[in-house]
Amino acid sequence: MAEKMALAKAINESLRKALEADPKVLVMGEDVGKLGGVFRVTDGLQKDFGEERVIDTPLAESGIVGTAIGLALRGYRPVVEIQFDGFVFPAYDQIVTQLAKMHARSLGKVKLPVVVRIPYGGGIGAVEHHSESPEALFAHVAGLKIVSPSNASDAYWMMQQAIQSDDPVIFFEPKRRYWDKAEIDPEAIPGPLHKARVVREGTDLTLAAYGPMVKVCQEVAAAAGEEGKSLEVLDLRSVSPLDFDSIQASVEKTRRLVVVHEAPVFFGSGAEIAARITERCFYHLEAPVLRVGGYHAPYPPARLEEEYLPGLDRVLDAVDRALAY
Amino acid sequence: MAEKMALAKAINESLRKALEADPKVLVMGEDVGKLGGVFRVTDGLQKDFGEERVIDTPLAESGIVGTAIGLALRGYRPVVEIQFDGFVFPAYDQIVTQLAKMHARSLGKVKLPVVVRIPYGGGIGAVEHHSESPEALFAHVAGLKIVSPSNASDAYWMMQQAIQSDDPVIFFEPKRRYWDKAEIDPEAIPGPLHKARVVREGTDLTLAAYGPMVKVCQEVAAAAGEEGKSLEVLDLRSVSPLDFDSIQASVEKTRRLVVVHEAPVFFGSGAEIAARITERCFYHLEAPVLRVGGYHAPYPPARLEEEYLPGLDRVLDAVDRALAY
Amino acid sequence: MTEESTAAHKPRRSAGSKAGTTGTKRTSRTTPRKGTDPGLVQLLTPEGKRVENPEYDPYVEDISPEQLRGLYRDMVLTRRFDAEATSLQRQGELGLWASLLGQEAAQIGSGRALNDEDYVFPTYREHGVAWCRGVDPTNLLGMFRGVNNGGWDPNGNNFHLYTIVIGSQTLHATGYAMGVAKDGADSAVIAYFGDGASSQGDVAESFTFAAVYNAPVVFFCQNNQWAISEPTEKQTRVPLYQRAQGFGFPGVRVDGNDVLACLAVTKRALERARNGEGPTLVEAFTYRMGAHTTSDDPTRYRHDDERAAWEAKDPIARLRAYLEASNHADEGFFGELEAESEALGRRVREAVRAMPDPDHFAIFENVYADGHALVDEERAQFAAYQASFADVEGGR
Amino acid sequence: MTEESTAAHKPRRSAGSKAGTTGTKRTSRTTPRKGTDPGLVQLLTPEGKRVENPEYDPYVEDISPEQLRGLYRDMVLTRRFDAEATSLQRQGELGLWASLLGQEAAQIGSGRALNDEDYVFPTYREHGVAWCRGVDPTNLLGMFRGVNNGGWDPNGNNFHLYTIVIGSQTLHATGYAMGVAKDGADSAVIAYFGDGASSQGDVAESFTFAAVYNAPVVFFCQNNQWAISEPTEKQTRVPLYQRAQGFGFPGVRVDGNDVLACLAVTKRALERARNGEGPTLVEAFTYRMGAHTTSDDPTRYRHDDERAAWEAKDPIARLRAYLEASNHADEGFFGELEAESEALGRRVREAVRAMPDPDHFAIFENVYADGHALVDEERAQFAAYQASFADVEGGR
Ligand SMILES: Cc1ncc(C[n+]2csc(CCOP(=O)(O)OP(=O)(O)O)c2C)c(N)n1
Ligand SMILES: Cc1ncc(C[n+]2csc(CCOP(=O)(O)OP(=O)(O)O)c2C)c(N)n1
Ligand SMILES: [Mg+2]
Ligand SMILES: [Mg+2]
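Chains as they are written, first to last, in this note's numbering: chain B, 1 to 325; chain X, 1 to 325; chain S, 1 to 396; chain Y, 1 to 396.
Don't read these hints as lab results, they were simulated from the structure. Honestly, I wouldn't trust all of these hints.
Unchecked claim - Computed footprint of chain Y on chain S, listed as stretches where at least three residues anywhere in the stretch have a Cβ under 8 Å from a Cβ of chain Y:
(1) 228-235
(2) 239-252
Claimed, not checked - Below 20 Å or equal to it, Euclidean Cα-Cα: the simulated SDA-like pairs (lysine to any residue) are:
(3) B:K215 to B:D320
(4) X:K47 to Y:T299
(5) B:K109 to Y:G134
(6) B:K47 to S:A343
(7) X:K47 to Y:E233
(8) B:K215 to B:E227
Glycine residues also receive a C-beta, built at the ideal position from the N, C-alpha and C atoms.
Taking the hints into account, I'd like the entire structure generated from these sequences.
So, in structure tokens, the structure goes:
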């Protein structure tokens, strides 16, 4: 029976289901217990599953991820929360040198089913360090899987799959979409975690995005549609691996690609997508792959974020430029 | 009077010159003092400049960079050493959230002339964490400048310029070239720090590289030359900013580009270069920009590194593929 | 039992809770320990009675009534400013506010212990210390309004920018202090941080560096009992001031709601630093009377009665009682201060409302000191893009 | 002075060095402190005399002569293996070796204190502990030869892989111990780390987590006096075992060259962990007799006489003296052990020489447990590329 649910609530329900289904699943992080997380994503979980399963941790991100690794080695499946994107960096060493590599280091003997949840991205008028999109800094690192849902239903199912995965998954939650609602069918059978999805079909140009930018791309496609341009919108869902096959299939049809993300363009996901798709579709592309994203500058103070973030106009501008080739 | 010098020694001389010229310059890191560093790059400096200027620090990378920031705020110009590439991650938070952003955060009121020296890359048969190339993980971050010399002369001059820079500079030292010698003319007037250099002219294809891979590319060009292919080799020297103008100029001539680096290809420098050069040179390129680099896998144990690292054959293979378009 | 240095420190939790989680029942933690705490430096009781302390009295013995009134004024104005900021947030003028309510004594006492040449590294809540340094309060509001990430010149008042990434400023302070020592300068550095921050690796590393280099730095921990929703027991099972001992420098716990004690203890710690005796950890035992920030809802995790108990120890009421009892201040003083306070509120309110939004191009400013080709390129693209709208609008 | 918890800990350095750097003259640090150290647990003197210790004697009182000979054998074989590895490195069979020479007692004493169900998180130097866990010594050599990054199954012997990033394993150990507690299991966890590692933020964070969750973990610090070229004074100015106190759990310093004392102290710490009394920090005061690794040249930073002084405290000679004096071992035993030792050396030598290079495709193995499209793609490209050579060669 499908139910309409906000994205934050969908993750909450997904965590609840996982905690119910498997006694080895743990939820841990700063303020995730009694408070239920600063975004209430873990609301009520400690009350129902106790302090042994839903753990308020000391204020130390390296410690959170480092102990989660130890718990995973003991057979647990920790889902850890990093309170905001900008606070993942104290844990970066544990993620990059330990979490990502321990499976390989052990020649496959140990598995690290750890999910690192990171509310990310801007658009909520927050202070410094609360609006960043660091996914590229993780995607470059082998051993990690990186996903980001764009809507509540995906959030629900992708979290289920991330927790079931025997690999570490960095789960980027589009915080400005936390309150957006969608139908969730708890009986549905979800598609593969790392597969992109065509959310709107089109013939003139492909817009590829993930997380918070999918909605923007849908709005762009709608606006462009009114001007008679047919845009295909791909929700990539996964940043590592990237579903190049789906992008390629779309680009072979539309012959033009614009990639959109909040993260800075320089060394961002768009670079990898552009490079690889250009290689795969060299004779198909009518225009270079264009990228719309943040600038090479620190995420700006809130009153500038509208200028910094890719919005309808900037994406449309890139679409026009691509179509002009 | 020009003198032939190994790359490690050239950096040593450059540090010495900086220490002599400016009492505010400090050298700090693990084992940089009495031992002179595990690669002897700081050999003799503590003896000559004392423990106040050349500082053996506690074994704590975040502490090293964090206190260097404080010293810079006090007016010093610290040159810190991270002992090996794989050990920079405990300092990643201080580098990314503090060192990179404090100038902007202060609206330009404070400057952070900190150089972070990182011996990087493989090819020396080392154990885990001693052979990585994490430059892309820094280039994505605004506020940092990233450079990497390929030869002793550049190492000498680029270090001078990095120390003089009022911006934080991550200085990647190609550790497997530490023992390669080149002429150093201490009277020379160096070109700009972030400008690429054509190290071999050619007409059929451009090879772009930096740091340890420049030498490989020169060997490739020589080998290809014997087969009648004229390859241009660009030493990029700087990863942030990237000198796209020079790459573009070369590609407009050769119409083909292969980018080579040790770091994994996925989300590596090659992606950014391919994306932007394809945009700039869309009508000039006869082939997609190809990338040769590490695989999406942890840096392998030493007995596999030859297979993992881009070498003559793999780059030649990419050259052939690019020329085949 | 000599070799087990902390055999006396039994875990506070019952050994029965084998699995190791801490008891987190919402208990009122209103005193550091039961009864009088020999480890807590206090010069004024909650009722405003001056108690003797042979060790710390010398640091406040020459304090004049005027200076006492000054401390009172500082606290009142700081609280007024803070309240104004909270209501400005409610009115939508600020995106967020982190109130210092209840921590005025810790901040004013420590802030007034500093010399001009000393350098301060704050968190995001040190509005009272900023006040002592002479930073215009409205400058503090820029980042909470979202117009900048810190609007003052750190070197203008030797007061560094607010730091949000928990704990990282303690390393900057330590490095700065290492520089002070290298310069042979006669000043000291103070690093503020919270009870939650004490868990961060950076704070431990700063202790190590400070100890090893004997840096002239005071680590000032405001233990306000909460890190957002987490009580101090989630960070430590022994009093925080004891942390210093294992790093080789002294730790002292002071009543953080007693401005005189905070002044004295900080003065002494700064004196040690200046005398080349190295770092000191000060734990100011206080209480966050309000929410963590205006985004927070403390009713979800703590009882009102805890707050009520702490209200009885209010730092401002306490000093007022002392001032009145000792005839150091009269009605006229309190009345004038009331008026000054209102004026400050008004000034802040007006200043915030008048605060202009930043220029769009500010995005590209100060990313680098020496410029960067990509920033220039993106700025130019942005300008062209902006101009394209102007064209459209102009063309209409 | 009650409130200054460490007023007694004066910095070791002269206050005159105002600028804060530490004196780094190459002094011989041969004893923890001058004279007898009341803080150091010792059961066997360097001369092999058994000294009484009412607190720790119970932990070794039922030890049989056979077990004593076993400890001796462990140390001798470990040293033999270690020497073999060092010479294999010189012969080019290994890329690197990190010798444990001098630390045999610390490792065997603590290693033999463990139960089978206990779990060990080592650094890269715990060859003696590995031996106690039953890890085949040749397995340890894979990573130093460069054929893998750790060739054993951590769960096979409850001995985790070697960890090179300094300090990070202390958090894994703590998390694992939190899991042990959650399971209600009766085992304990031990984390090894060095004196240098004590400065890493991760180690401090592991202390915090272990204390707050009362985790059954023993932190075993081998203070071998050196972190590559840096003496312990570059990491701390008070003895390291004292670090634990400020986190709320006991710290104990043991003579790390006394295998009996190490056994007893570790047993007691493990017992505490199993009894739900939480973590203990053990500082084993020992000495790195050799270079940091085979790449290191210690003559650049320390005097030979320091080494000479420590030779007089050799852990193996000490136990031998005791065994002989107490008639617990005869010539036959020592002779047989000599032969066993040679056989071990031979076996290791042959095994290393026979160790095959890894298959090239190993690069792509185990990057992920559940697969990854890009790895598959790159593996296929690699295969095609490799095949292209085969074609060329085949075609010739
Ligand atoms: C590295 C990091 N992690 C998490 C946060 C989110 N956060 C902001 S304040 C806070 C609690 C801080 O508590 P404490 O140190 O006691 O200071 P207080 O707010 O009580 O003054 C947290 C978790 C952060 N700012 N930085
Ligand atoms: C994070 C990190 N930084 C630096 C290094 C390089 N390094 C390897 S061993 C070592 C010294 C370690 O000293 P200690 O902890 O005392 O252990 P020991 O080698 O003496 O056993 C250093 C600096 C490292 N492995 N990891
Ligand atoms: Mg607090
Ligand atoms: Mg050591």
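Hint check:
Residues of the stretch 228-235 of chain S lying with their CB closer than 8 Å to a CB of chain Y number 3, which satisfies the three-residue condition for coverage. For the stretch 239-252 of chain S, the assignment as covered by chain Y holds, since 12 residues bring a beta-carbon within under 8 Å of that chain's beta-carbons and 3 suffice. This hinted pair checks out: K215 (chain B) and D320 (chain B) have alpha carbons roughly 19 Å apart, not beyond 20 Å. Of the pairs offered as hints, the one joining K47 (chain X) and T299 (chain Y) holds, with about 15 Å between alpha carbons and a cut-off of 20 Å not exceeded.
The hinted pair formed by K109 (chain B) and G134 (chain Y) meets the criterion: a straight-line CA distance of about 17 Å does not exceed 20 Å. Note on K47 (chain B) and A343 (chain S): the hinted pairing is violated, with a Cα-Cα distance of about 47 Å set against a maximum of 20 Å. With a CA separation close to 19 Å, the supplied pair K47 (chain X) and E233 (chain Y) stays within the 20 Å bound. Taking the CA atoms of K215 (chain B) and E227 (chain B), the gap is near 19 Å; set against the 20 Å cutoff, the hint holds.
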